[in-house]
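Asker: One-letter residues, chain by chain:
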Amino acid sequence: MTTDEVVAELRDGMTIGIGGWGSRRKPMALVRAILCSPLKDLTVVSYGGPDVGLLASAGKIKRLVFGFVTLDSIPYDPWFSRVREEGSIEVTEYDEGVLGTGLSAAAQRLPFLPTRAGLGTDVMSALKTVRSPYADGEELLAVPALRLDAALVHLNRADARGNAQYLGPDPYFDDLYALAADKCYVSTEKVVPTAELTAAGPVQSLLLNRASVHGVVETPNGAHFTTAAPDYGRDERFQRHYAASAKDPAAWPGFVDRFLSGDETSYQNAVARFTEEAA
Amino acid sequence: MSRADVAVIACAELFRGDGEIVISPMGYIPSLGARLARLTFEPDLLLSNGEAYLMHDDVIEGWQPFRKVLDTVVPHGKRHVVMGANQVDAQGNQNISAIGDHDRPAKQLLGVRGGPGNTANHRTSYWVPRHSRRVFVEHVDVVSGVGFARARAAGLRYHDVHRVVTNLGVLDFGGPDHAARLVSVHPGVTVDEVLEATSFPLLTDEVETSREPTGAELELLATLDPKSLREKEVPE
Numbered sequence: 002m003t004t005d006e007v008v009a010e011l012r013d014g015m016t017i018g019i020g021g022w023g024s025r026r027k028p029m030a031l032v033r034a035i036l037c038s039p040l041k042d043l044t045v046v047s048y049g050g051p052d053v054g055l056l057a058s059a060g061k062i063k064r065l066v067f068g069f070v071t072l073d074s075i076p077y078d079p080w081f082s083r084v085r086e087e088g089s090i091e092v093t094e095y096d097e098g099v100l101g102t103g104l105s106a107a108a109q110r111l112p113f114l115p116t117r118a119g120l121g122t123d124v125m126s127a128l129k130t131v132r133s134p135y136a137d138g139e140e141l142l143a144v145p146a147l148r149l150d151a152a153l154v155h156l157n158r159a160d161a162r163g164n165a166q167y168l169g170p171d172p173y174f175d176d177l178y179a180l181a182a183d184k185c186y187v188s189t190e191k192v193v194p195t196a197e198l199t200a201a202g203p204v205q206s207l208l209l210n211r212a213s214v215h216g217v218v219e220t221p222n223g224a225h226f227t228t229a230a231p232d233y234g235r236d237e238r239f240q241r242h243y244a245a246s247a248k249d250p251a252a253w254p255g256f257v258d259r260f261l262s263g264d265e266t267s268y269q270n271a272v273a274r275f276t277e278e279a280a
Numbered sequence: 002m003s004r005a006d007v008a009v010i011a012c013a014e015l016f017r018g019d020g021e022i023v024i025s026p027m028g029y030i031p032s033l034g035a036r037l038a039r040l041t042f043e044p045d046l047l048l049s050n051g052e053a054y055l056m057h058d059d060v061i062e063g064w065q066p067f068r069k070v071l072d073t074v075v076p077h078g079k080r081h082v083v084m085g086a087n088q089v090d091a092q093g094n095q096n097i098s099a100i101g102d103h104d105r106p107a108k109q110l111l112g113v114r115g116g117p118g119n120t121a122n123h124r125t126s127y128w129v130p131r132h133s134r135r136v137f138v139e140h141v142d143v144v145s146g147v148g149f150a151r152a153r154a155a156g157l158r159y160h161d162v163h164r165v166v167t168n169l170g171v172l173d174f175g176g177p178d179h180a181a182r183l184v185s186v187h188p189g190v191t192v193d194e195v196l197e198a199t200s201f202p203l204l205t206d207e208v209e210t211s212r213e214p215t216g217a218e219l220e221l222l223a224t225l226d227p228k229s230l231r232e233k234e235v236p237e
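Residue numbers (my numbering), protein chains in the order written: chain Z, 2 to 280; chain A, 2 to 237.
Read the hints as simulated data drawn from the structure, not as lab findings.
For glycine and all other residues, C-beta sits at the position ideal for the given N, C-alpha and C.
Hints may contain errors.
[As the list claims (entries may be wrong)] SDA-like cross-link-like pairs, simulated, lysine to any residue; straight-line CA separation at most 20 angstroms:
(1) Lys248/Z x Pro106/A
(2) Lys108/A x Glu86/Z
(3) Lys129/Z x Glu139/Z
(4) Lys63/Z x Pro106/A
(5) Lys69/A x Val204/Z
(6) Lys129/Z x Gly156/A
(7) Lys108/A x Arg134/A
(8) Lys108/A x Asp73/Z
(9) Lys184/Z x Pro76/Z
(10) Lys129/Z x Arg158/A
(11) Lys108/A x Ala245/Z
(12) Lys108/A x Val204/Z
(13) Lys63/Z x Ser38/Z
(14) Lys233/A x Ile75/Z
(15) Lys69/A x Gln205/Z
(16) Lys108/A x Ile75/Z
(17) Lys108/A x Glu91/Z
(18) Lys69/A x Lys248/Z
(19) Lys108/A x Thr93/Z
(20) Lys41/Z x Thr93/Z
(21) Lys69/A x Pro170/Z
(22) Lys233/A x Pro76/Z
(23) Lys108/A x Ser89/Z
(24) Lys69/A x Leu207/Z
(25) Lys129/Z x Ala155/A
(26) Lys184/Z x Thr3/Z
[To be verified] One side of the interface only, derived from the structure: several residues of chain Z facing chain A at Cβ under 10 angstroms:
(27) Val70
(28) Arg83
(29) Glu87
(30) Gly98
(31) Thr102
(32) Gly119
(33) Leu120
(34) Thr122
(35) Thr130
(36) Glu139
(37) Glu140
So here's chain A without its partners, still in its complex pose (with noise of 0.2 angstroms):
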């Protein structure tokens, strides 16, 4: 068992009790997180390709292009998307804009693209493969996915962010008044690790040790990942 293997099924689990809804994972391991968590214990999920597709395994179930996507998919609610974050900070307000000055960044990323609709129409988690206080930030240099502060200023009454795994450990924002939280630490890692690379207070009242996989998942694992790709993403 790998630190990657653990950071799959972290990510797995962040749609145990989705249901039949559309899942956007971007990022392999929250793809295969999500793969995973169809074939075990959330058989309808459904799945895009990143295109225009909805997939069940080879075969296309749906057509699902960009502007269905935005236009009636995300409005509508039922989805859960897993988005990378260049920086969170401690209300849960994500990155993936630039860095600096918005005028004038430092360092230009991809842009907001749906981080702003997302967090405003349904559940968002968060894709960390590198915990650290350049990613976990005090407070975020341009907002995209929006935090719990902003969501309940602006009224957002569908906001829905989850959890944020990293390679570390799993962190929410379900402390009093959405304080950030360490909700678990993946095997091998300590408290303190996770608190020395992150450059906000974590709660730490409750912290689990990580889920590890079982068996049967190492070998669905195995199956859906044959190349261990994910060990790229998740060095140990």
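Extracted from the complex, chain Z is given alone in its bound form (with noise of 0.2 angstroms):
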């Protein structure tokens, strides 16, 4: 698929789950063309970063359901604080925990799954508790399914079928948003023969099977700013650039200009000039 046939078969309203972990293996390609298409007041459901930021600066997020949103090395995303100061999206604000879940229930098929993480906060306070039918009768918290209509997850290698793969040190919760999800979609640094996966890493490393993907899209650097180590690292410079724009309303158009106004092509070209300046 390409990144374009992914985003058409995403529909205005659906409920749509991102992820990475903040500014750490993010499908920004398929972010950055949901940026270029008419889709509207999405759900997002995301351990946040820039992902968060990029769609909510193009006014995609209706409600945004999270744990945190940051850049990591850049603790707050400008477009995110922006858009919650000017009350501009609904949330639902989970603890990290707590989504994760909510996910696992939507992945089990199960209506709710109970944790004590949120019981004494205000921000769950929405949600409804469940007393243990056993001896202890302790009052949990009854996290319910948070089901997704799609999942948006970046690996660093998969097969034309969508058996993906992760190299780095985290799989981070990828699994779960695929199995919470009617549909998967995965973007990837490169689509391999099946055979080239175990040989480039453990077999503990295939984190997705194909009975769970729904598309697989080549997307070379398609996380960047984002890491996608062990293939690239966080692009610093430009993610500071990016915070520094998002910031200042008189450089973002400029911002939007340069690097999100074409495909993405046009984006990994005006990123290669970005660096070639530095240099």
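Reassemble the complex: the two chains are provided individually, in unrelated frames, and hints are given to aid placement.
Answerer: Rendered as structure tokens:
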């Protein structure tokens, strides 16, 4: 598939899960394709990074389900701050663990799963509790299944049928996103023959199998400017440029013109020029 | 000996008695404190590198990706986290989510992150590099880490908020009915200075002076932090 073909399968108002964590292994090429589409009113579920900031900048998010939004090396995403402080998006704020618990419930086709995390807070006060039926009688938070219409994840390698592999140190929650979703789309650094997957890494690195994947897109440097270790690290200089541009309303249109107004190829070319200028 | 050195020691002291558990220090000074504690009086501590590895000096000794932390390490409880705090209140609630009304905050912060789960499951301490009335407030705007009254009401049996280390001293909630106490002031800081920088009352019956680093600890610190980056987090 192409990034545009993936986005063509998404609909206004869908609940879309985005894999990765903060500014790490985010399916940014797919996010960029959404920016160029007419999609709107999305509910986005994310351990948020610049995916959230960029989608918010283009007014794509109606509601965000999140545990945090951060650029990691830069604490706050300026676009997320702006839309929150303007009150222009709705949010469901969860503990990091609670977000994973909701995805787990969806992946396991359960209505909810119990946890202690979130008890005693206000932000999760809309959630109901459940009492243990056993002798302890403990009251626990009943985290409702976080069912996704679609999941977007970025993996280091995949074969054409959707078996997908991470080669970095952390799988994040990408397999849960895949199983919690009706449709999962994988962008990958490189599509390889199946036999190359186990040649490149241990069998445990095969995070997704093709039964849970509905489409594969090859997008070299497609997690840019987030990390896709070991293929590449975070482009810190570009991230600083993004954050500075996002912070300054006068600078933002220039950033959009230069980087976000064309397709993925023109993005990557513009990034290459940006990198050359620094060299 | 600098104020930063004393803050590192106060952070190291957070882990005294912890034994063989995972320490997750957020912030440079708590990280230095954890490493110093392991090199001296708590040799069995496990230290995460903030990403997927447990590190012993320069050697990877374990794999601990984020999902494993949240699915098993946190709920299992053998962990002591030191979190930052944009606000801490009189009851030990912490806020890193947002300032103002949650529906439309005056300032959006990180989000609650792991604060609710950490405070529900295991020992949690806080590190505040700039002790001020803006941080130490009567009531936090958004509860991220859960304090004592809320924990009791919610029946959180593993709640264990330990201490708050700041650039001025060390606080805990060990007074009657979990009242906030000033445990120690760093050398050169007066009790009144801390009270002045705190919006809620602190019990000051048994305030000590924070322990100074030993000569051996200062030597270790010079090795762990040769460029003295700690002085940036806590200026003199």
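Asker: Hint compliance check: list the failing hint numbers for this structure, sorted ascending.
Answerer: 9, 12, 18
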